[in-house]
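Heads up: the sequence lines are chains E and Y, in that order. Per our numbering, the first sequence starts with residue 1, numbered consecutively. Per our numbering, the second sequence starts with residue 1, numbered consecutively.
Each hint should be verified, as a subset may be incorrect.
[Said to hold, decoys possible] DEER-style ranges, computed between Cβ atoms: (1) Y/98 to E/199: 37 to 45 Å; (2) Y/92 to E/160: 39 to 47 Å; (3) Y/75 to E/207: 17 to 25 Å.
Calculated from the structure, these hints are not laboratory results. Just so it is clear, CB atoms sit at the ideal spot from N, CA and C, and this is done for glycine as well.
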Amino acid sequence: MKLWLGLALVAGPLAAQSARARLEGRVPGAAIPVIDSLIQAASTEGLPTEPLIQKALEGGAKLVTAPRIVAAVEVSLGQLRDARDLLIRAGDEPPVTPGEVTTVTWALRRGLPRPVVERVLAALPRAPRAAAMHAVADLAAHHFDPDSAADLIIAAIGLGLQRERLLDVSAAAAHELQRGRSHAQALALVRGELPNVPASPKPTAGAVARARRPPAPTPP
Amino acid sequence: MNAIDPRIHQALDGELAPATLSGELRQAVERLVTAAALLATPIPAASLESRVMVLIRRPAPSRARRLLGWFVAPHAVTFRVRPVWSLAFAAVVALLTLFPMRHEGPDIGEHEGIAQFVGRFPGAQSVHAVGSFNDWRPGSIALEDVDQDGVWRATVVLPAGAYEYMFVVDGERWVPDRLAERLVADEFGRENSIVIVRPARR
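The shape of chain Y in the complex, shown without the other chains (with noise of 0.2 Å):
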């Protein structure tokens, strides 16, 4: 590092004048002193066109990114809300938790459907629909008369699909379900009706 001659410090507080200094510390010092002059010089702004279009160059950030920012960024957000709408909003949230609501009936899959079998048998003590949706199997599907006006009815969730039935009525009589309107000869002397059982979503 090299001295500065205590001289020139000197000129520069204004303790010597310039002009008592030797020719060489004399040029130092006004070298010096029009160093300070360009550092003390405002830098001019740039002008309003050239930051716009520093602006309007910069590429656009992507939409993921603005929508970073803008759930980084704080908002104010205000509901103006009375007070007695917030409590019944507060009250209905603690009735669906304590009381959730029940899905009613079993889960029906995309390719099943629902079966309604309704038949008239006065006086009867049970009644079955028997075919081929249940391997004709007596017993599985039970037919009820819950109000005891002779009119038997079950609603069963069946694969979608055409099934031959039959009622089974005191567990020994066949009987064919005439308001199914189709009916197809069992080879058996008889006919047996026919179901077709539509997805139920559809």
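So that you can see chain E by itself, here it is in the shape it has in the complex (with noise of 0.2 Å):
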């Protein structure tokens, strides 16, 4: 208890402190204080941090004034609280998952409404949910109504389909659409399909061939 006790009582600033290393000379010197405040604040509310380093390089990247930059990050840390409270609205006990919270962040900020998002929470009430929420978020974006779309991806849920392969279902209404099928029409066949709707293709030995491993990269 005592050494969990210590490493939260390390972690925090340990995290900062590197945050801090990463943004500078990439983010405006004049910007770094306050989004090192943001950032500490997220991680002392048991927030992901993640996203809003990566707010933050992203405006140092594309030339964004440190206003912009530091509206940008804000903006995102109240992305973050407001998926937070949505998971404890819709079951999770507190305290909610990094990774879950970024989860529903995500969902949010592809422009799914939130009694869908709910929708979908509740029926997967255990992590991870990531695929659930873009299957739906790709429907969505595809011109489906977000119920709908939900609905179809909890179906599949119910009939046993999981992570990527909730993916696969959202691809397959996508591919109907492609072959001049209505949205309705879509759905209904997909429907049907379920839970056999075809996998995606796995790399091609070629590609896998072609692939070269960038440096570093950074998890999401």
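Both chains are given apart, each in its own frame, so use the hints to dock them into the complex.
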């Protein structure tokens, strides 16, 4: 218990230090203290800090001014807090995991209505839910009604599909649109195929042979 | 050690008739003759049934012992192969030894996948994929236009997950990947593309 408490007390400042080191030279100097305080606030609240660091680095890379970078990081922090609150409302026990907060943040940023997100969370009471959220968001991006999209993905979950296989469901519906079906027809067809929607192809041997490993990628 | 009376020896050797011996010696000779006759009688062999039952009642050896026995017992292994096939087999072994098959491309971990970036940028001098997979660091993932048709491509290994990214054309122009289908506002007035990298080992 003492060990965990000690680790928790040390981990926050260490994470903040490493975040500051990552921002130095990449983000306008004037923005760093404010962003640093926002990252520390997120860390204290048990929220993921990586999305805030990425937003700041993105702003720096895009040569955005310091005030706009700070504003974007503040917006991102607000989104993370909204996502945490939504997760707790949907039934997750606090403290919610940073990974799930990130998942729900993605879903909201991709335009899914909160009630739809809550329905998907309720259908998948256990993490990980990222693929399910992206599957619903993918369908919504193809102008499927978000509620109907959630119905389809929840039906797929009920039939045992999980993780990346849920992305195959949304991909199958999108393919039916490309074949000229209406949205309603596409949903009905794919629902009839469940759970045997076609799996996405694995990377070909040629793609694997061509693949390069970029220097030091950062996990999401 | 008791010495045997030499007359008993002579009687057993047939040199003296037992009847000529005294009563005590004659009895001794008779006992010895009877004992010799008993020793010469063959012991009757065990019946077939009893021998079979002995084998049946013996505990069966363990699987490991039987396996060990199979390995240590000599077996005749015969291959009937035409010499031409033997030579072909030897040639294949020699080739594989001399020129081992190369595993092309990087080793892909259990939680890694492959992302392919493709964009059409005719006349561009350089195109890079920049995003949360490389800390938005321009220059680390360069796309190539190998056949000079304006279509730029890169195939990279990334940890499985979702990433935001954009293309940077000629080092200054930020362009979303319109083929990605997944777009999200970047809070700076533009849109980022989203790529979901699925684990390659499924």
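The hints, checked one at a time:
1. Between residue 98 of chain Y and residue 199 of chain E, the C-beta spacing of about 39 Å keeps the proposed range 37 to 45 Å intact.
2. At roughly 45 Å, the beta carbons of residue 92 of chain Y and residue 160 of chain E sit within the given window of 39 to 47 Å.
3. The given range of 17 to 25 Å is broken by residue 75 of chain Y and residue 207 of chain E, whose C-beta atoms sit roughly 49 Å from each other.
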